[in-house]
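Undergrad: Since chain H is already given, all that's left is putting chain F on it; use the hints.
Here the protein sequences come in this chain order: H and F. The numbering of the first sequence is the working numbering, which starts it at 1 and goes up by one. The numbering of the second sequence is the working numbering, which starts it at 1001 and goes up by one.
Simulated from the structure, these hints should not be mistaken for lab results.
Far from chain F, some chain H residues (derived; all Cβ distances over 12 Å):
hint, residue
1, Q39
2, E51
3, N54
4, L169
5, K184
6, L189
7, H247
8, S380
9, C439
Here are the simulated DSSO-like pairs of lysine-lysine, each with C-alpha atoms no more than 27 Å apart in a straight line:
hint, chain 1, residue 1, chain 2, residue 2
10, F, K1187, H, K403
11, H, K206, H, K184
12, H, K250, F, K1187
13, F, K1172, H, K279
14, F, K1113, F, K1172
Just so you know, these numbers come straight off a predicted model, no measurement behind them. All C-beta atoms, glycine included, are put in the ideal place defined by N, C-alpha and C.
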Amino acid sequence: MMISRYHLKHTAVLGGALWAALLLLLWLTGQLLVWQDKQAQQHEFEEFLSEIENALEEHGLDHVLQEFELEEDEIWPDSEAQAHLFDEGWLVALFKQERLLLGANTKLTATSTPQWHSVSLGEEGNVELLSASVNLPDNLQLHYWQKRDELHAHRAEFYSQITHWFALLSLPLILAAIAWLQYKRTRTLQALSEQLAQVAHSPDSKRTQVSTSNPDIVALSLAINRMLDEITRLHGNLKTMSVGIAHDLKTPLSRISNRLQSMVQDLDNPATLEGHIDKANNELAQVINTFNNLVRLNAIESGKHIQGFKTFDLSALIDELAQSYQPVFEDSGRRFEVSIVPAVHCHGDRDLLGQLICNLLENALEHSHSDAHVWLRLQSHTDSALLQIGDDGPGIPTGDQPKIFDKFYRADISRGRPGNGLGLSIVRAICDVHKAQLCLLEQQPGAVFNIEIPTRPARSD
Amino acid sequence: MHILLVEDDPDTAEFICAGLAQHNARVQHCNNAEQAMLSASATAFDVIIFDRLLPNMDGLDAVRVLRASKVRTPIIMLTALSDTADRVAGLEAGADDYLVKPFAFAELYARLKALARRQPLRSDTLELVYSELRLNRTSRRVYRAGKEIELMPKEYQILEYMMQNPEQLITKTMLLEQVWGFSFDPKTSLVQTHVSRLRNKLDKPFAFDMIKTIRGSGYLLMGSNDD
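This is chain F alone, in the form it adopts within the complex:
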């Protein structure tokens, strides 16, 4: 992945760069909006990470300018503001995702991967296929190894989202946003309960578990048993 990081706080920037380096991503860092806009128009990045509060300029305005100048690179906004109204403002300005500081690096990386992969999947594929799994989006039927699995609506939505992002970490908050449309975090095990029910149907009767739990982070859809 080739990533443009726009972040004025050196600590946060270092934290993100170090994390991305571990995942062998290439990062270009700049600490102001003007430079960021020049770089973004000059180079084709996979994803841009944009801090909301930058010196001299609101990140929102910078994103608006970028979108107006036909830069279509997926953008994830980082912000200290955790409110839905701000999130909506961010998305309306043209950002693709919105992450509230402080965040776990795993969460950021999972979202980056989802964003970077998003383009080819955007076209409405009628059938998602991954490993033994087959999901028909018109009939909303799911098969594993040719055997039909009956899912409740939320379980179906979770699986659909996982199949769009296979072998990638999917966090609890991503599921809350994508499946439930929540921008807040209900305290209990809402996500866990549904994932565990999905697992009972999807994994239990079969040879190996496709949904893996990454402790403290989220879930992963894997096509084979080896780690």
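Bound conformation, chain H alone:
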């Protein structure tokens, strides 16, 4: 069991404070009990005094003296009086007009009302006394002292002993208890840390598990797992992207490398040389195109175009693009059908929405049958425009459908073809900045994309 310095300090501070607080509480309780005890004795003492007064009235002084076992005119000197007080626990003195008649001839004084006070009895140390002077008839005055009895004194001592022992024994116990609690609490966290260290090696497979019912730690563990899932997803994207970049660059770069070698071989033949240069240029153009698309995708995703958004005629833009693409589809042998509701305006970036439509049309050109039917439709709804671009086959394999918008994702069959897997990622990024809903319709013979573009400017975020 490892306890860190932090926890050590924490334990010491917390334990010390708890210990001091308990000690104070115990001491206060002890004091209270002693005080109560003294009060009770004082009360008894008062009752005793009133009993003496009664006895005097009823039976006379002689009877009382008999009760005290005192001879008439018996006088104790100071030392004897103190010894008596100490041994018997009480002392009496009877005065008549300030003259001692009998009893203790002592320096001890007596207060008029019963009160506790502490006096020094020489060798015997301090003794707590109750004393009182009672005025009797015939100018008589009775002084009476009572020592605190042993039982009560012991009780008080017992309390202070308990406090001392508690002070001595409880501190390590309290510290141990706190340390144990802390250990218990940190153990689950340490286990979590260890699991996370393992996750670092294989974030795809490992997830955290906690064996505790502490809801905070369970919630933490769940949050960590959700984060790991997200990281895994992003990591996966990154991997696909790196593989995609590597593939998209490696193929043209190796072709360029081949061309360069051929150029060296064909240095004497200008016509062949020119052919090699042309081909190498085309391959390089592809590499540069990939980079340009990546940069553009990044720029779109960063949202910096949003400041330039304007309201413009979407129908006119789509109509112009459709007219431009009509001959392209015709030449490729496909049937291109266009239906556009006029005068639909939307708020956005004309250039980006133009690219969105071009990319989807290019996609249809590239991936549909050579005699396919391709259509472009624009409908107007209350707050949005619905753009549909679709073809009638062969469509996208079900397994690939969720991934087609990922960067550099290409269904394996189209890997060999030129172009990069960024066209649809750009489409998605453009939809995102326009807050447009993009979806690929399911259960269709071909690839049909629905895009719902808000026609009113979004309230400023």
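TA: Below, chain F without anything else, positioned relative to chain H:
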């Protein structure tokens, strides 16, 4: 052509200077914005080629300063940033054209020629005439050797742009920008398809082809058959 080249990268500068020298253009090269601004105000150049990222100063700011001090020489900006937003920023700062690195020299030269010739054509001429071709900009009618040719809107726009820059290389990207207003490159043969349709109408019925293809670069409008 008398050209001011503002470019801090020696390789790129050498590449551009060598290319321009082949076309017998006079080039003054400087590698920082301060010197460029002095030269541009002192000498009347036909075109200025301005790199966007210069030491100590953004080319955009330099162009703004030049425009503010009434230098009206056409400016083409070169940049490694290929995004439309940057392009718009460049044009708004007062540049006339924007070219993304890396570029083919042919592309740069074609754009330089277009820019250098632009001034006299800016005035809205009602009729463009070149060789056998006549293009009426109000009626949008086109005649070759007196015979009317019916063109689709995009074909008309392509021809109009070519007639504004005859005997000059016009690249695919220039057409995409000028005719379609695209700052991106659609993969397919959008431009090729339209140019080939234009050719079918413009060249096929006649004695010689006026639109020539420069392989890998673009197109050229020529008034006679000889190369």
